[in-house]
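Protein chains: 2
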Amino acid sequence: MRMSSLFLRTLRDDPADAEVTSHKLMVRAGLIRRVASGIYSWLPLGNRALRNVAQIVREEMDDAGAQEVTLPIAQPLDLWKQSGRDDAYGQMMFRVKDRKDNWYAMAPTAEEVVTTLVAGEYSSYRDLPVNLYQINWKYRDELRPRFGLLRAREFLMKDAYSFDADLAGLQASYDLMFHAYSQVFSRCGLTFRAVKAQSGEIGGDTSQEFMAVAAIGEDAFVWCEQCDYAANTEAATRRPTPEQVVPDQPPREVVHTPAMPGIDAVADHLGTTPDLLMKSIAFDVDGELVLVLVPGDREVNEYAVAGICAPAKVRLYTDADFDGHPEIPKGYIGPDFAGAARTLADSSLRAPHAWVTGANEADHHARNMVLGRDFTPTAWNEIVQVEAGDKCSSCGSPLRIDRGIEVGHVFQLGDKYSRALGAVYTDDAGAEHPMVMGCYGIGVSRILSAVIEEHHDDGGICWPAAIAPYQVHLVVIPGRGDNSAEVSAAAEQLYSDLRAREIDVLFDDRDVSPGVKFADADLLGMPVQVTIGAKGLARGVVERKIRATGDRDELALDVALDALTGH
Amino acid sequence: MRMSSLFLRTLRDDPADAEVTSHKLMVRAGLIRRVASGIYSWLPLGNRALRNVAQIVREEMDDAGAQEVTLPIAQPLDLWKQSGRDDAYGQMMFRVKDRKDNWYAMAPTAEEVVTTLVAGEYSSYRDLPVNLYQINWKYRDELRPRFGLLRAREFLMKDAYSFDADLAGLQASYDLMFHAYSQVFSRCGLTFRAVKAQSGEIGGDTSQEFMAVAAIGEDAFVWCEQCDYAANTEAATRRPTPEQVVPDQPPREVVHTPAMPGIDAVADHLGTTPDLLMKSIAFDVDGELVLVLVPGDREVNEYAVAGICAPAKVRLYTDADFDGHPEIPKGYIGPDFAGAARTLADSSLRAPHAWVTGANEADHHARNMVLGRDFTPTAWNEIVQVEAGDKCSSCGSPLRIDRGIEVGHVFQLGDKYSRALGAVYTDDAGAEHPMVMGCYGIGVSRILSAVIEEHHDDGGICWPAAIAPYQVHLVVIPGRGDNSAEVSAAAEQLYSDLRAREIDVLFDDRDVSPGVKFADADLLGMPVQVTIGAKGLARGVVERKIRATGDRDELALDVALDALTGH
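Listed in order, the protein sequences are those of chains A and B.
Take 31 as the starting number for the first sequence in the numbering used here and just add one per residue.
Take 31 as the starting number for the second sequence in the numbering used here and just add one per residue.
Take these hints with a grain of salt, some might be off.
Identical chains blur together in the list; that is why a pair holds if it fits in one copy or across any two.
[To be verified] No more than 20 Å apart at the CA atoms, straight line, and that leaves these computed lysine to any residue pairs for SDA-like:
#	residue 1	residue 2
1	360	33
2	127	106
3	446	149
4	127	108
5	547	152
Don't read these hints as lab results, they were simulated from the structure.
Just need the whole structure built from these sequences, with the hints factored in.
Take a look at the structure:
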C-alpha cells in the first residue's frame with residue numbers, strides 16, 4: 031500500500047478524550063476514529079490489525095474443533111426474558127423495537143440464540159459434543175465508556191458455546207478452549223495468565239479470566255513469570271513454609287510496651303523488626319473468637335479466612351466487639367490467648383526463630399515466644415495477602431503483582447440455559463437430560479488495546495508481526511540531489527519485488543520531509559522499517575531498523591529482498 | 031470436515047414459511063435457520079459460503095483500489111437528521127436509544143458516517159480521490175420480510191463510497207467500481223446484467239443496478255445474451271428499422287369496418303394479420319393532440335413517449351378527451367389525421383409494405399396506406415414496448431425478457447452528502463468545493479440466494495466452485511462385507527491426503543445408509559462428489575460425479591488424488 035493513497039492522517043498530539051496510551055496511539059496512528067461515545071469507525075490500518083487478530087482467533091478455534099457460525103445481532107427479546115437475562119442486563123443492554131412493536135436485544139452475547147439453535151437441531155447423545163463460535167459485533171450500553179476499545183459500547187467479540195452430554199465432556203471441551211485461548215494470546219504477543227474468576231451476568235460455576243498484563247488494567251492479580259500460576263489477589267497464595275526446628279531460645283519474657291499504636295512502634299521499642307513480630311487478629315466466626323496469626327509485616331487475607339471457615343460466617347472484630355468483651359486485651363492478644371476458640375496460623379510462622387507477640391495483657395508484649403513451646407496453633411494455613419516477591423506456590427519463583435486487562439473468559443455454564451431453553455438430549459437408555467454447556471469469550475477488538483499497551487514506546491506502536499497491519503514499512507528519501515530519480519526507482523523496484531513475494535508492505539512514497547516519514551514510521555509501528563536514501567544507495571545499501579528493538583543494520587541492495595522475505 | 035461432527039441436520043421437506051427455491055434449499059441444506067422474521071442464524075455451511083462471497087468481494091474491491099474500513103452499525107441519529115434521511119427512511123429504519131436518551135440508527139447504509147469520517151481527515155484536492163468500503167451487517171425493518179435472504183431485515187452488505195474532486199473523477203471511480211462488480215458477479219457464477227435504474231432513498235443522479243437473472247426476481251428487465259445490453263422494460267429499446275423502399279402498392283382504399291372493437295377483429299375482417307395494421311394512439315401533450323404510430327401487434331411504451339416529449343406533460347387520451355372532441359374519430363384515427371399537431375412513429379413502420387390504418391372516419395379503415403405517399407410522420411423514434419425476440423439495439427441478437435434479483439447497485443451521488451455534512455476540499459487556487467461522491471452496494475448475503483436460484487436442480491444446490499462451502503464431497507460406503515474396514519481406511523486415507531493438499535473436503539463418514547448419503551450430497555451441492563465403495567475398491571477405483579452436470583467417471587485410486595487436485 032502506498033501512503034500517498036492510504037486513507038490516513040496521523041496526529042502529532044494526543045486526542046483530548048484519551049486517557050490511556052493505547053487509546054492515544056490508536057487515534058494518533060489513525061487506526062480508529064470516534065463516532066459516538068464508545069463507538070468507533072475502523073480505518074484501513076486498524077481494520078487490517080483487527081482482521082489479523084480475528085484470523086488468529088478463527089484458526090485456533092477451528093484447530094480446537096469449534097465450528098464457525100454467525101448469529102444475529104438483533105435477537106428476539108423474548109429469548110432473553112426466558113433465560114432471565116433481560117432483567118439481569120438491565121440498562122447494560124441496547125433494546126430496539128420493530129415496526130410491529132416486537133422487541134430485540136442488540137446482542138451482548140448469544141447464549142439464548144445458540145442454545146435455541148442447538149435445541150432445534152440436536153436431540154441425541156450421539157449428536158454431542160458440539161462447539162459453535164462466531165466473531166461478530168457485540169453491544170453493551172456502558173455507563174462510562176472509556177479507554178477507547180477497552181470499554182467500548184460496540185466491540186468485536188469471539189464467542190463460543192460448547193454442548194456436552196455430561197460434566198466430563200464439558201471439562202474436555204473447556205480444556206480444549208483453554209488451550210486454544212493460550213495459543214491465541216501467545217500468537218498475539220501478549221503476556222497473559224489465566225486467573226480463576228467470579229462469573230458475571232452469564233452465571234455458572236467454574237470460570238477463568240485471561241488477563242493481559244497492563245498497568246492500566248482494571249484489576250490487580252498475582253502471577254508468576256516462570257510458570258503459569260496466576261490468581262486474583264484475593265485467591266492468591268504463596269508457597270507454604272515447611273515445618274522447621276526452632277533452635278534453642280531464651281524463655282518467654284513479658285515486657286512493658288505502653289501506648290504503642292502499631293507494629294512498627296513496638297518493633298522499634300524492642301530493638302527488632304516487624305517481620306519478627308506476630309499479629310493475633312481477632313475474628314468472630316459464628317459467634318466464637320478465632321485468632322488469625324500472621325507475621326507483623328503482613329496483612330491477613332480475609333477471603334482466605336472466610337474460605338477456611340466456610341460455611342461459618344466470618345467477620346473481623348469491631349470496636350463494639352472489644353467493648354463488649356473487656357476480657358480480650360485489644361492490641362495485646364497473643365497466640366496463646368486462653369479465650370480463643372481456635373487459632374489459625376499462616377505457615378510462615380514456622381520460621382526457625384522466636385517471636386514477639388501480645389502478652390494477653392494491656393500494654394504488654396511477650397518476647398521469645400517459641401512455636402511448640404509457648405504456643406501451638408489449631409491449624410496451619412496460607413492466610414496472608416500475597417506480596418510481590420513472595421514465592422510461587424507452583425514453582426517457587428518470585429511472584430509479581432500487576433494489573434491486567436481481561437482479554438478472554440472461559441466459563442463452565444452447566445445447564446442453566448439448556449434447561450431454560452429446552453436444549454435436551456436423549457441418552458442411550460432413552461432418558462432425557464439437559465445438555466451441559468460452556469461458553470468462551472475473547473475480546474477481539476480489546477486485544478488490540480492490550481497489545482498496544484504492552485508493545486509501544488515513546489515513538490509509537492511496536493506491532494508484533496502476527497497482527498501488524500503491514501510487515502514492512504518502506505521509506506524512500508529521494509533527496510534533492512541528482513540521483514533522486516534513481517533513489518525513487520530503486521524504492522519502487524523493492525516495493526514491487528516485495529509485493530510479488532506476497533509481503534505486506536506499506537510504502538511511504540509521499541512528498542514530505544524525512545522527519546515526518548520517520549516519525550510516522552515509528553508511530554505506525556510496522557515490525558521492520560527499510561529506508562532507501564541517496565547516500566546509502568550510492569554505497570549499494572538500504573537501512574533496516576527493527577521497530578521493537580531499534581536495532582539497525584544495512585542490507586546490500588542485491589540481497590535486501592531475500593533478507594526481508596526470510597530467504 | 032467430517033459430517034459426523036458437522037453441525038448440520040438436513041431436512042427432506044420444504045420449510046412451511048419458504049416460498050422460493052433458494053430459501054427452501056438454504057433451510058433444507060442447513061445453511062441458515064430462522065431466528066425471527068427476516069433474521070437468520072448462519073450455520074457452518076452457510077457461514078462458509080457467505081465468507082467465500084465476502085472474500086471475492088474483498089479481493090475485487092482491493093484490486094480496484096478501494097480501502098477496507100469498518101463503520102459502526104450503531105450510528106448517531108443526529109447524522110441522519112442532518113442528511114434528511116431519518117425522515118426519508120421512516121419506518122424502514124431500526125432506531126435504538128441508549129441509557130442517556132441518545133438515539134442511534136441501526137445502519138441501513140453508511141453515507142453519513144463515512145462522509146463525516148472523510149470530512150474529518152481530508153481537506154485538499156491532493157487528498158483525493160479516495161474510496162472506502164466495508165463488509166458489514168445492515169438493517170432494514172421491511173414491512174414484509176420474505177424469500178429468506180432476498181428480503182431480510184438483517185443482511186450482509188458491502189458498501190463502498192468514493193470521494194472525488196470533480197465529476198470526471200467520479201466517473202473514473204464509478205467505472206472502476208462497475209468493472210469490479212462485473213468481476214464479482216462473474217466469479218460468483220451469476221448470469222447478470224447492469225441496468226440503468228432510478229435511485230431510491232439514497233438520492234442522486236446516474237445509477238445502475240446489477241440484476242441477476244432469476245424467475246423469482248422482483249423486477250422484469252430486458253437483456254441480451256450475446257452482449258452486455260440490458261435495460262428496464264420501461265427504458266428498453268430494440269434495434270431501429272432503417273429506411274427502406276416500399277414497392278409499388280395499390281392506391282389507398284377506404285373499407286367499412288363497423289363495430290370492430292379491436293385490432294384482431296379488423297385484421298380478421300380484412301383478411302390480414304395484426305402486424306400489418308398500424309395503430310394511431312392519441313396523446314395529450316401540453317394540450318395538443320399528438321399521435322403515436324406503432325404496428326398493430328405492439329404496445330406503446332408510454333415512458334418512451336414521455337421521454338421524447340419532455341419537458342412537456344404527456345398523457346393518454348381518455349374517454350372524456352374524446353367526448354370533448356367529437357371531431358376526433360376514436361378507434362378510427364389514421365396517421366394522416368389532419369387534427370394532429372404531430373405524429374411520432376416507431377421506426378418499425380418503415381417496413382416495406384402498405385398498412386391498414388384508421389380512415390379518420392367512424393367505422394372505417396383505410397388499406398394500402400403507404401409511407402411517404404399517404405402519410406409522413408413528424409418524427410421517427412423507438413417507441414414500442416420491447417418484446418422477447420426483438421433485436422438487441424447493440425448487437426442485433428434476439429433480446430430476452432426475464433425477472434432479476436438486484437445484487438448490486440452503483441450510484442453517482444454528487445454532492446448531496448458532502449454539502450450536508452461538510453466534506454469539502456480546497457483546490458489548488460485555494461477555493462473550497464464539496465467533494466463529489468459515489469456509493470456502491472453489493473448484497474453479499476443476497477448473492478447466495480441469487481446463486482442458488484440459478485444453480486440448483488431437483489436434487490438440491492449445485493454450488494459454483496468459487497463459493498462452495500467445500501470443493502469435494504467424499505462419500506464412503508463401507509458396506510457390510512468383509513472388506514468394509516478396508517473401504518473405510520481407503521476413504522480416511524484419501525480424506526487425509528486431500529486435506530494435506532489444502533483441498534476443502536466434506537467427508538461423509540456417518541453411519542447412515544448410502545441413500546441418505548447420496549441424497550445429502552446432492553442437496554448440499556459441493557461441486558465434486560467422490561464415492562468410495564466396496565465394489566469399486568475391489569477394482570481399485572473410486573467414482574467421481576460432477577454435481578452440476580451429473581457426469582460420472584471412475585478414477586483409479588492411485589491417481590485420484592492428483593485428478594481431484596488438478597495435478
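Hint by hint, here is what the structure shows:
Within a single copy, residue 360 and residue 33 get their C-alpha atoms no closer than 72 Å, and across copies no closer than 71 Å, so neither meets the 20 Å cut-off. Taking the closest pair of Cα atoms, residue 127 and residue 106 come within 20 Å of each other both inside a single copy (10 Å) and across two copies (17 Å). In this assembly of identical chains, the alpha carbons of residue 446 and residue 149 lie at most 20 Å apart only when taken from the same copy (14 Å versus 49 Å across copies). Within a single copy, residue 127 and residue 108 get their C-alpha atoms as close as 12 Å, and across copies as close as 19 Å, so both meet the 20 Å cut-off.
Taking the shortest Cα distances, residue 547 and residue 152 sit within 20 Å of each other only across copies (19 Å), while inside one copy they are farther apart (58 Å).
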